[in-house]
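From first to last, the protein sequence lines are chains E and C. Numbering-wise, this note's numbering puts 62 at position 62 of the first sequence, and it's gapless, one number per residue. So the mapping is simple: this note's numbering equals the position in the second sequence, first residue as 1, plus 163.
Treat the hints loosely; a few may be bogus.
[To be verified] Label pairs and their calculated CB-CB ranges:
(1) E/I30 - C/E299: 30 to 38 Å
(2) E/D106 - C/E299: 48 to 56 Å
(3) E/I30 - C/S499: 42 to 50 Å
None of these hints come from the bench; they were simulated from the model. Because the structure is a prediction, the values reported are computed rather than measured. We treat Cβ as the ideally placed atom computed from N, Cα and C, and that holds for glycine.
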Amino acid sequence: MRHIISLLMENESGALSRVAGLFSARAYNIESLTVAPTEDETLSRMTIVTSGSDEVIEQIIKQLNKLVDVVKVLDLNDGRYLERELMLVKVKATAPYREEMKRMSDIFRGRIIDVADDTYTIELTGSGSKLDAFLEALDKTALLETVRTGASGIGRGDRILKV
Amino acid sequence: MELTGAEIVIRCLHEENVEFVFGYPGGAVLNIYDAIFKQDSFKHILVRHEQAAVHAADAYARATGKVGVALVTSGPGATNAVTGIATAYMDSIPLVVISGQVPTPAIGQDAFQECDMVGITRPCVKHNFLVKDVKELASTIKKAFYIAASGRPGPVVVDIPKDVTALTAKFDYPKTVQMRSYNPVIKGHSGQIKKALKLLLEAKRPIIYTGGGVVLGDASGLLAQLVRKLGYPMTNTLMGLGGYPATDKLCLGMLGMHGTLEANMAMHEADVILAVGARFDDRVIGNPGHFFTNPRKIIHIDVDPSSISKRVKVDVPIVGDVKSVLADMLELLAESDKAPNATALKAWWQQIEAWRGKKCLGYKKDGEIIKPQYVLEKLWEVTKGEAFVTSDVGQHQMWAAQYYKFDQPRRWINSGGLGTMGVGLPYAMGVQFAYPKAQVACVTGEGSIQMNIQELSTCKQYHLPIKVILLNNRYLGMVRQWQEFFYENRYSESYMDSLPDFVGLAESYGHVGMRIEKSTDVEGALKEAFAMKDRFVFMDFVTDQKENVFPMVPNGKGLSEIILAEDL
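Okay, chain E solo, but in the shape it has when bound (with noise of 0.2 Å):
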């Protein structure tokens, strides 16, 4: 099952390479993982997006509690959580994709970023699927270029993580 683990880490060099350096390591899914530093500098807030059987999660979980570095590890599947990933696209915008492509990006509640004569470029937030309807949806001779941030999650409500 696919699973999205946050964690709060030690904003330190070398952190972010011992948590890849933990899946690789041992032989862990990783679909995407995103890091940046938190309202606190000290701190890095980091999303995995993994998947594996309910004791692999488990271990996984435990794996990263163990490293000396990781402050808190919370697996957002045990509750209530949202989910946004950013995807900028590029597709071609001549003629017959120019209205289409328009027309796609206003039905996703996408933004067109950038304008040239031969191309739009897309922003769109969501899920992990919606992004990937949005993808299966667009006429496949007209994509150029994607790029993905990996999703980053957070609990609902007051389920905070937080040191």
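Guided by the hints, dock chain C onto chain E, whose structure is given.
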């Protein structure tokens, strides 16, 4: 007054009451070595290869319970240390390894003797640090010692660039360490301990299965109290030997791939297992699928949560320091009005005695040919079971584990997890430095000993009265055994040809060499060697070439599919 980084290193080691630093100098650590020259707080031991420095520090830690310290230079010095670090990591041994690094501005420039030590060691350390600022040197070393020794112990690397050892800062050694990201659990959950005790007292076929955690956690006294109070059978892993007296009736010996019949069968047939500081690894329970065919309840005490339910699903997990948890458990047991089920326990012991009656460690004597098992039995007798025994890796290691009955913890020093050939001699050095008067035997093979044979020179320099017990069968014995069983006798590259004259080799270093070729000479030779209390004696026992280690649970098989010597 400000101190240089090198002086700060020395002061930190002094504050940590370090007695010995095992190391080897080189360019990046010259400032530190200059500071060592000017101090008399600890003794520096010059090894002949950095791998041996780390192994010796590791053995010092295993034998004493203190943190071992090694010091190596950058680049090749650092990479040579990696095998030693990985060995300590797999067996959870507290070490601080200080490595030199090229100067900060040169990092990343492919400088002479540069390697990314923090990157290379990341998967085989508990934690590591690169110190870029001399102001953070003291607090980093303090953290390194704290992390190495607390929780589940392990090696910590501190990589120090050369310029940092020359720059100065005020020396201020922190009294304590506070880390928001690292707080190992000590005390076990009382509700879980209660649950565990209830389960234990209701058991009909209980077994107490203990590992290296009991030795590392200094919990053998409490373990013995618990085992004796309950009257339950107990077994230990390779790493747990000595955690409970091997000569005691309640001890079934070692379990696992080369464990006894009674230990493996009892483990397989038990209805309740109390696991203490052990991790159900592949050499212990064999095939986990086969292990699950017998339903049972498992209680698992471990300081490391990630060791629990990793290979085997556990019913009652207890995270905590084994000593603290066992103490709580004993207290609850004393208050409890319940007692073990005497009738069931009697029947269980009858079954166990039937297994024990098979005498699975018996072996056939063969005239004058020296049987390796016989050498170890005699070693045990001659040293009255009180020696520190270090071993290398292979058949001799298993025979030592089977035939030397360890009654005390921290006497059996071997590489259980990583299985590193070549540890034996440097391990013996580390132990002998810690206990200069003790009898230290290094049980080894002609393959393993040659992997760190250069340390004969270190032993000469420091007059270490180690006794090397070489079981020389002219084969890489364990490899040959597997090739005989599983590869139709195709002995691919497992013959040790062109062996040196070990007696002559030992003598060339100024040691005593002995070659023993007849079984009737074994006991006398051992007595003679151990009587030389101030000499290093290298004993080359020419043993039976094709002796195999039994019992054996073949790789991928279950514990009850154990093969005895008589089965073949």
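Quiz item: Among the hints numbered above, which are violated by the structure, and what are their numbers in rising order?
Solution: none
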